[in-house]
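Colleague: Residue numbers (the numbering used here), protein chains in the order written: chain A, 5 to 405; chain B, 5 to 405; chain C, 5 to 405; chain D, 5 to 405.
Hints should not be assumed to be uniformly reliable.
Taking beta-carbon pairs under 10 Å as the criterion, some of the chain B residues facing chain A (in silico) [what the hints assert, rightly or not]: (1) ARG150; (2) GLY153; (3) ALA156; (4) GLY199; (5) LEU204; (6) VAL255; (7) ILE262; (8) PHE367; (9) LEU371; (10) LYS373.
Keeping only pairs whose Cα atoms sit at most 20 Å apart, straight-line, the calculated DMTMM-like set for lysine to aspartate or glutamate is [what the hints assert, rightly or not]: (11) C/LYS219 - D/ASP135; (12) D/LYS52 - B/ASP321; (13) B/LYS57 - D/GLU276; (14) D/LYS219 - B/ASP54; (15) D/LYS272 - C/ASP225; (16) B/LYS219 - D/ASP54; (17) A/LYS57 - C/GLU315; (18) B/LYS296 - D/ASP135; (19) A/LYS309 - C/ASP54; (20) D/LYS57 - B/GLU218; (21) C/LYS296 - A/GLU276; (22) C/LYS57 - A/GLU315; (23) B/LYS52 - D/GLU276; (24) A/LYS272 - B/ASP54; (25) A/LYS52 - C/GLU229; (26) A/LYS272 - C/ASP54; (27) D/LYS272 - C/GLU276; (28) D/LYS272 - B/GLU276; (29) A/LYS219 - B/ASP381; (30) D/LYS272 - B/GLU17; (31) B/LYS57 - D/GLU184; (32) D/LYS52 - B/ASP213; (33) D/LYS272 - B/GLU229; (34) C/LYS52 - C/GLU218; (35) C/LYS57 - A/ASP213; (36) D/LYS309 - B/GLU17; (37) B/LYS57 - D/GLU315; (38) D/LYS57 - B/GLU316; (39) C/LYS73 - C/GLU162.
Hints in this document: simulated from the structure, not taken from any laboratory. Positions of the beta carbon are idealized from the N, C-alpha and C atoms, including for glycine.
There are 4 protein chains.
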Amino acid sequence: MDALNALHSVTFEIDEVYSAGYHERFLVFLEMAQRNGYVIGGAMTDAKGDRSKAPHEQHYPDLYVRVSKRSRDGVYIRGAKAHQTGCINSHWMVVMPTLRLGPADRDYAIVAAVPVDAEGITYIYGRQSCDTRAMEGGDIDLGNARFSGQEAMVIFDEVFIPNERIFMDGECEFAAMLVERFTCYHRRSYVCKSGVGDTLIGAAATIADYNGVEKASHIRDKLIEMTHLNETIYSTGIASSHQASKLKSGVYLNDAMIANVCKHHVTKMPYEIGRLAQDLAGGIVVTAPSQKEFEHPEIGEIVRKYLQGREEIAAEDRLRILRLIENMTMGRNAVGYLTESLHGAGSPQAQRIQIARQMQLEFKKALAKTLAGIPLDSAEEIAADLDGYMKSVFASVEPDK
Amino acid sequence: MDALNALHSVTFEIDEVYSAGYHERFLVFLEMAQRNGYVIGGAMTDAKGDRSKAPHEQHYPDLYVRVSKRSRDGVYIRGAKAHQTGCINSHWMVVMPTLRLGPADRDYAIVAAVPVDAEGITYIYGRQSCDTRAMEGGDIDLGNARFSGQEAMVIFDEVFIPNERIFMDGECEFAAMLVERFTCYHRRSYVCKSGVGDTLIGAAATIADYNGVEKASHIRDKLIEMTHLNETIYSTGIASSHQASKLKSGVYLNDAMIANVCKHHVTKMPYEIGRLAQDLAGGIVVTAPSQKEFEHPEIGEIVRKYLQGREEIAAEDRLRILRLIENMTMGRNAVGYLTESLHGAGSPQAQRIQIARQMQLEFKKALAKTLAGIPLDSAEEIAADLDGYMKSVFASVEPDK
Amino acid sequence: MDALNALHSVTFEIDEVYSAGYHERFLVFLEMAQRNGYVIGGAMTDAKGDRSKAPHEQHYPDLYVRVSKRSRDGVYIRGAKAHQTGCINSHWMVVMPTLRLGPADRDYAIVAAVPVDAEGITYIYGRQSCDTRAMEGGDIDLGNARFSGQEAMVIFDEVFIPNERIFMDGECEFAAMLVERFTCYHRRSYVCKSGVGDTLIGAAATIADYNGVEKASHIRDKLIEMTHLNETIYSTGIASSHQASKLKSGVYLNDAMIANVCKHHVTKMPYEIGRLAQDLAGGIVVTAPSQKEFEHPEIGEIVRKYLQGREEIAAEDRLRILRLIENMTMGRNAVGYLTESLHGAGSPQAQRIQIARQMQLEFKKALAKTLAGIPLDSAEEIAADLDGYMKSVFASVEPDK
Amino acid sequence: MDALNALHSVTFEIDEVYSAGYHERFLVFLEMAQRNGYVIGGAMTDAKGDRSKAPHEQHYPDLYVRVSKRSRDGVYIRGAKAHQTGCINSHWMVVMPTLRLGPADRDYAIVAAVPVDAEGITYIYGRQSCDTRAMEGGDIDLGNARFSGQEAMVIFDEVFIPNERIFMDGECEFAAMLVERFTCYHRRSYVCKSGVGDTLIGAAATIADYNGVEKASHIRDKLIEMTHLNETIYSTGIASSHQASKLKSGVYLNDAMIANVCKHHVTKMPYEIGRLAQDLAGGIVVTAPSQKEFEHPEIGEIVRKYLQGREEIAAEDRLRILRLIENMTMGRNAVGYLTESLHGAGSPQAQRIQIARQMQLEFKKALAKTLAGIPLDSAEEIAADLDGYMKSVFASVEPDK
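Given only the sequences and the hints, what does the whole structure look like? Please build it.
Modeller: Now the structure itself:
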């Protein structure tokens with residue numbers, strides 16, 4: 005979603021300058037992908053090495069993905085993309101630069117689509133909390149009986165990309181535009197965590213039922229608090245989309261200030277929702293025995309006897325919901341619901357920087373000074389006039405003499 | 005905004021049942037008011053007396069506004085409406101019941117428009133923090149050089165209302181619908197506090213400039229935090245409107261869950277924004293001498309000498325912005341920006357109750373149980389099926405055997 | 005610490021009534037344990053079953069630990085104790101009742117010391133997040149290269165306890181006193197989490213160094229925030245001890261209000277400290293490959309190349325500190341640092357109930373009414389007079405006539 | 005308290021170097037003051053002017069208090085001290101420098117006791133929110149029927165100080181020590197706000213009674229939250245004193261880290277306690293009519309009728325407690341309970357800087373690295389060794405091979 009929308013407009017605007025034909029190529033690729041129902045992963049985050057240095061200044065030139073060789077039919081790329089969520093269950097990746105680039109970094113200004121199984125690609129699978137439970141057999145201890153996921157580091161070692169899958173190659177002055185638009189879509193897309201939140205709220209409500217305390221006022225109040233937080237994430241995402249504006253190519257870009265506000269809440273609220281879910285779960289969420297004890301011919305009966313909550317609920321169902329809460333707050337899904345919420349699409353400080361850029365202080369100072377009876381300075385005048393409404397609001401209102 | 009929109013649909017739906025002609029009357033009133041540019045205040049909150057009793061059970065029957073007498077041409081009302089913001093600078097009031105009513109409370113089911121200067125109305129002006137500064141002369145110490153406001157208690161003592169200004173009279177079963185829709189609009193309307201917040205952020209940014217500390221990282225970070233909070237209020241309001249649905253009469257009603265989330269943030273975030281504004285202001289915001297000292301022939305010079313901040317800024321301008329911050333966090337405007345944010349359109353617990361009503365726990369439990377591998381119970385089945393998507397999402401996904 | 009201190013005073017006070025000789029027995033056991041350097045675990049939390057029923061009303065009588073049989077030389081006990089942290093690496097357990105007991109629950113009023121390897125005891129080991137990493141070989145992925153821990157459910161199946169190790173047997177009216185004193189010590193003892201917090205702050209500071217961002221103002225500010233929270237836990241623990249009062253047996257009992265305030269902070273602050281640690285760690289804390297990849301003959305070199313941060317820091321050391329942060333926020337130690345902080349010594353609501361019991365509202369109302377010029381009612385008079393200082397403070401201060 | 009304790013040790017340590025006899029003089033002054041029961045105000049905060057310049061570099065030399073002239077019998081001082089709480093109802097002031105001084109600022113290194121009515125002193129009274137209500141007559145609207153307070157700016161215009169009241173004169177290298185010790189005492193002294201908090205909690209509990217909602221679970225829970233916050237302030241203050249260490253002169257200095265943690269909570273928690281008090285008060289806290297309406301021959305009866313809460317409570321008592329809450333959250337006492345809590349003894353950032361100075365990161369990194377299996381670097385070794393316990397803790401614990 006983020007990569008395709010960003011590329012729709014950026015390829016269009018590159019072509020306005022260079023007539024490179026990228027936009028047309030991109031549309032062909034897009035149609036092919038949609039007709040086939042392909043899953044496409046956006047691959048942006050480079051390894052980065054020493055963060056005080058530009059790509060071309062790094063000790064290894066491959067610390068950012070780059071064009072290493074060219075032929076008449078296409079280019080070869082080298083480097084790595086980190087933290088690629090779900091890349092192994094995708095069909096294609098779209099490789100993009102990860103930061104603003106200058107002329108010396110021209111070889112790093114490469115955007116291209118590549119099949120996940122192209123020659124020269126290696127996936128280094130990341131560890132997740134409790135990952136090996138999936139290999140134990142059984143469907144309880146892994147928490148989520150249906151789904152899991154993965155991150156991987158993707159290594160490109162002389163991977164060939166044919167010309168028709170290249171959507172930027174050397175137009176380094178457009179790298180910043182691409183990164184900014186991608187980020188704007190991507191931060192808003194973290195509204196998806198409110199769906200995960202719905203599930204965790206449901207799990208917390210279920211364990212409260214199973215423990216027979218669902219009517220206690222403090223339990224009820226915690227479910228309300230979880231919902232209040234979760235709906236805040238949802239609402240800020242919706243508002244960012246509502247305030248979208250149309251770009252030259254015809255796609256819409258959502259509101260950047262609100263996208264950052266949304267993502268910034270996502271860096272905190274899921275942690276508090278998770279804490280409250282553990283509160284409702286009780287300490288048993290981290291001390292319950294394994295599925296194997298439940299199924300043990302001798303121990304199983306003892307475990308069921310002592311872990312019974314409300315009489316009509318099977319002890320095993322209680323264990324299942326506890327394991328789901330464990331999974332979402334400490335286990336494999338905590339990777340996605342907590343830590344990825346913190347760092348994906350930019351760590352908290354990245355949003356604060358963007359909020360700072362867009363917070364229109366000159367305009368706000370003009371509001372304050374007007375009320376306080378202080379003359380505006382020129383920057384504030386401009387900010388106020390641009391918006392055009394200061395005059396109309398205040399013109400007819402004169403303070404008492 | 006809130007009263008008119010709510011009445012548009014409620015009069016329409018009463019008429020569907022009773023053919024009372026209210027909707028037509030309402031439209032006539034509305035057109036008249038709009039053609040004349042009239043300011044209309046919604047008057048809802050009754051005195052309430054003993055909150056454990058219904059209106060007709062109260063010691064004084066007037067503790068809720070009621071019809072006390074009837075004639076062929078109209079009705080007479082008695083009672084009081086509390087906390088009426090801006091009523092004295094309005095042209096008309098629309099009187100409405102404040103809670104769900106039963107058949108024994110039929111006389112309390114009265115909705116009517118009444119001019120603010122109708123015979124029998126008395127206004128009892130409320131005190132505001134620092135209110136008498138407005139009578140001292142001078143434009144600095146009152147903080148806001150241009151605007152102020154007021155709340156009043158409105159007493160109705162046999163106030164006559166002609167038939168054509170009556171929009172409900174005795175249809176007590178519609179009182180709850182009116183209150184709920186009014187409240188839904190009204191909670192969302194508290195997004196207006198983000199405009200007040202803009203001004204306070206501007207004031208805080210200005211005093212940081214005047215103190216010469218506007219580039220310090222912690223100052224910058226506090227302005228960002230204020231903006232993040234303020235934009236959260238704004239965004240949740242926008243999202244509630246975006247998810248509006250059309251009612252029978254043709255008007256739209258905004259999303260109730262998000263309206264409550266918005267208002268609930270308004271009960272907290274302005275207080276934190278206010279605290280941060282005082283942080284940036286420095287202690288001088290509560291210890292600065294009065295305007296009269298600044299203008300005193302002997303003391304004035306001393307005060308200006310010792311209260312100088314950055315050299316190029318007049319000490320008096322510094323005082324002006326400090327007084328604005330005082331006004332918005334402790335003075336007359338704190339009434340509107342803080343306490344009214346807390347209690348207007350319902351106190352915090354009222355929103356939590358509404359959030360609880362709409363939090364769809366059965367649906368959320370269905371999500372959790374499906375992932376945990378627990379069979380759904382019937383209520384959850386219904387919740388899940390109603391939404392129609394559980395099946396489509398999960399049907400094709402079977403856990404490994 | 006908690007069990008021994010509580011028993012010192014409670015056995016003393018039982019003996020005052022019953023001359024049962026428990027205190028002397030307890031001192032003999034204590035000296036024996038101290039001379040041998042024994043680790044003793046307090047075993048309090050029963051399985052509890054249906055929480056709306058007393059122990060003797062449960063479907064299975066063993067849902068609370070009880071005396072099932074008696075002989076001249078001692079008693080036999082049955083039941084289970086849940087969530088026993090560290091029981092397997094202890095030498096002795098001290099079994100105690102978990103709640104207030106009535107006469108019908110006399111058999112449940114049993115306090116006794118029992119060696120961990122006594123006949124009839126079964127340990128059912130609890131699962132911890134990432135527990136099986138300890139069995140993979142290697143010392144990196146398990147996060148903490150030196151320590152781990154465990155919880156277990158302990159099953160007592162006709163375990164014999166000789167008379168000289170019994171410190172309560174049937175004196176059910178003392179169960180509440182024991183539980184309250186134990187809890188008071190135990191909640192204060194959660195100050196220990198500030199030591200764990202020190203380590204996590206150190207880990208966060210280390211990864212900031214390794215990433216070369218230790219001087220960024222927002223990084224610095226997050227370390228300050230973590231410290232501010234952590235020292236709050238520490239300080240409230242210290243203050244509770246400082247305000248200890250002497251009991252009849254000669255031991256001291258710490259201040260209950262502050263012990264609850266301390267523990268209540270512990271239910272929240274470690275989660276925020278953990279979130280901030282993950283913030284400083286970066287997303288790599290959940291996507292880094294395993295130790296086995298680092299040691300792989302072919303992949304190892306690639307991984308090291310791309311995971312290098314600051315040049316002079318070995319990529320493997322960076323992985324080690326990331327794994328420690330993972331361990332403390334999602335892995336085995338998160339069990340102790342987060343979830344146990346939430347639920348150990350009582351879940352959050354338990355502290356709120358205790359704070360409510362001790363918040364001296366009558367005294368506080370007396371303060372407010374005196375300032376507001378409202379006469380005190382009798383309960384408030386008593387509260388105020390008991391404290392003896394209202395008079396001395398206010399006697400000489402009379403408002404202007 | 006703060007000034008006297010700080011001067012006890014600093015005069016002693018100056019005398020160790022200069023044999024200036026300050027300590028003996030100080031003791032004479034102290035005994036005189038205590039025998040007479042004098043109230044003494046510490047006067048530290050200078051006007052400061054351009055904060056990027058040292059005292060001697062300022063445009064006006066008097067922007068910091070300084071010695072302007074000397075005679076055989078004493079010195080003459082000029083300058084101003086801002087924000088002097090309670091100076092007008094004190095007997096003496098102790099003037100002290102406000103920041104670290106260098107040799108060029110020698111004339112600013114003056115510490116002296118001066119009677120509040122000494123020739124040449126002018127007080128410029130600060131405005132407080134709602135200050136003029138005290139001049140309206142009546143004891144309700146001013147909120148606090150018994151007490152009030154004031155801040156003033158104090159101007160020193162050639163004020164003579166005899167030699168025997170001078171405790172530092174030119175020993176500029178001791179200015180920093182004085183400021184640091186004064187600040188350490190002073191930040192801890194803000195624990196006093198927990199007493200104010202007790203009163204506000206009492207007021208909130210009283211209005212809940214008067215409104216008949218004192219048993220509602222959410223009301224109860226808010227009183228608990230207020231208490232939890234208030235006791236946190238109290239506890240951190242106590243803990244700072246508990247960890248005091250003895251100075252050379254024989255007085256004790258409280259723990260600096262915890263003093264800063266205490267004061268930092270004071271910059272936030274009273275605002276939240278105040279918000280919760282307003283929550284319990286209801287909107288009437290800002291819309292209630294004045295005492296004059298209550299006493300009006302015609303309107304009084306109407307007001308009482310409609311403002312009645314619980315039947316047995318006089319409407320006037322309800323107004324009194326509302327005005328107290330208004331006073332403490334928006335009026336004169338909000339100056340002391342909120343804004344002074346924020347800025348007195350240093351604004352929030354000042355505490356964060358001190359926390360940073362004392363947070364022992366090297367030691368904490370040593371803890372983390374030891375657990376992660378990373379060798380310590382030399383600074384960490386020293387930090388760890390100094391504390392002496394790393395070895396003893398870890399020596400006997402070796403990870404499995």
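Colleague: Does each hint hold? Answer for all of them.
Modeller: These are the hints, each one checked on the structure:
1. ARG150: 5 Å, holds
2. GLY153: Where the cut-off is 10 Å and the nearest Cβ of chain A is about 13 Å from B/GLY153, the hint is violated.
3. ALA156: 21 Å, violated
4. GLY199: At about 8 Å, which falls below the 10 Å cut-off, the nearest Cβ of chain A leaves the hint on B/GLY199 intact, so it holds.
5. LEU204: 8 Å, holds
6. VAL255: 19 Å, violated
7. ILE262: This hint holds: B/ILE262 lies near chain A, its Cβ roughly 5 Å from the closest one there, short of 10 Å.
8. PHE367: Holds: closest Cβ of chain A sits about 8 Å from B/PHE367, inside 10 Å.
9. LEU371: 4 Å, holds
10. LYS373: 6 Å, holds
11. C/LYS219 - D/ASP135: 46 Å, violated
12. D/LYS52 - B/ASP321: 18 Å, holds
13. B/LYS57 - D/GLU276: Not satisfied, since the Cα-Cα distance of roughly 32 Å exceeds 20 Å.
14. D/LYS219 - B/ASP54: 15 Å, holds
15. D/LYS272 - C/ASP225: Satisfied, since the Cα-Cα distance of roughly 17 Å is no more than 20 Å.
16. B/LYS219 - D/ASP54: 15 Å, holds
17. A/LYS57 - C/GLU315: Holds: A/LYS57 and C/GLU315 sit about 12 Å apart, inside 20 Å.
18. B/LYS296 - D/ASP135: 14 Å, holds
19. A/LYS309 - C/ASP54: 12 Å, holds
20. D/LYS57 - B/GLU218: With a Cα-Cα distance of about 17 Å, the restraint between D/LYS57 and B/GLU218 holds, given a limit of 20 Å.
21. C/LYS296 - A/GLU276: It is violated: about 34 Å lies between the C-alpha atoms, which goes past 20 Å.
22. C/LYS57 - A/GLU315: 12 Å, holds
23. B/LYS52 - D/GLU276: Between B/LYS52 and D/GLU276 the Cα gap is close to 28 Å, so the pair fails against 20 Å, i.e. violated.
24. A/LYS272 - B/ASP54: 42 Å, violated
25. A/LYS52 - C/GLU229: 28 Å, violated
26. A/LYS272 - C/ASP54: 36 Å, violated
27. D/LYS272 - C/GLU276: 17 Å, holds
28. D/LYS272 - B/GLU276: 9 Å, holds
29. A/LYS219 - B/ASP381: 19 Å, holds
30. D/LYS272 - B/GLU17: 49 Å, violated
31. B/LYS57 - D/GLU184: It is violated: about 60 Å lies between the C-alpha atoms, which goes past 20 Å.
32. D/LYS52 - B/ASP213: 16 Å, holds
33. D/LYS272 - B/GLU229: Holds, at roughly 15 Å.
34. C/LYS52 - C/GLU218: 49 Å, violated
35. C/LYS57 - A/ASP213: 17 Å, holds
36. D/LYS309 - B/GLU17: Status violated; Cα separation ~36 Å.
37. B/LYS57 - D/GLU315: Holds, at about 12 Å.
38. D/LYS57 - B/GLU316: 15 Å, holds
39. C/LYS73 - C/GLU162: This hinted pair holds, its Cα atoms lying about 8 Å apart.
Hint compliance for this structure: hints 2, 3, 6, 11, 13, 21, 23, 24, 25, 26, 30, 31, 34 and 36 are not met, and every other hint is.
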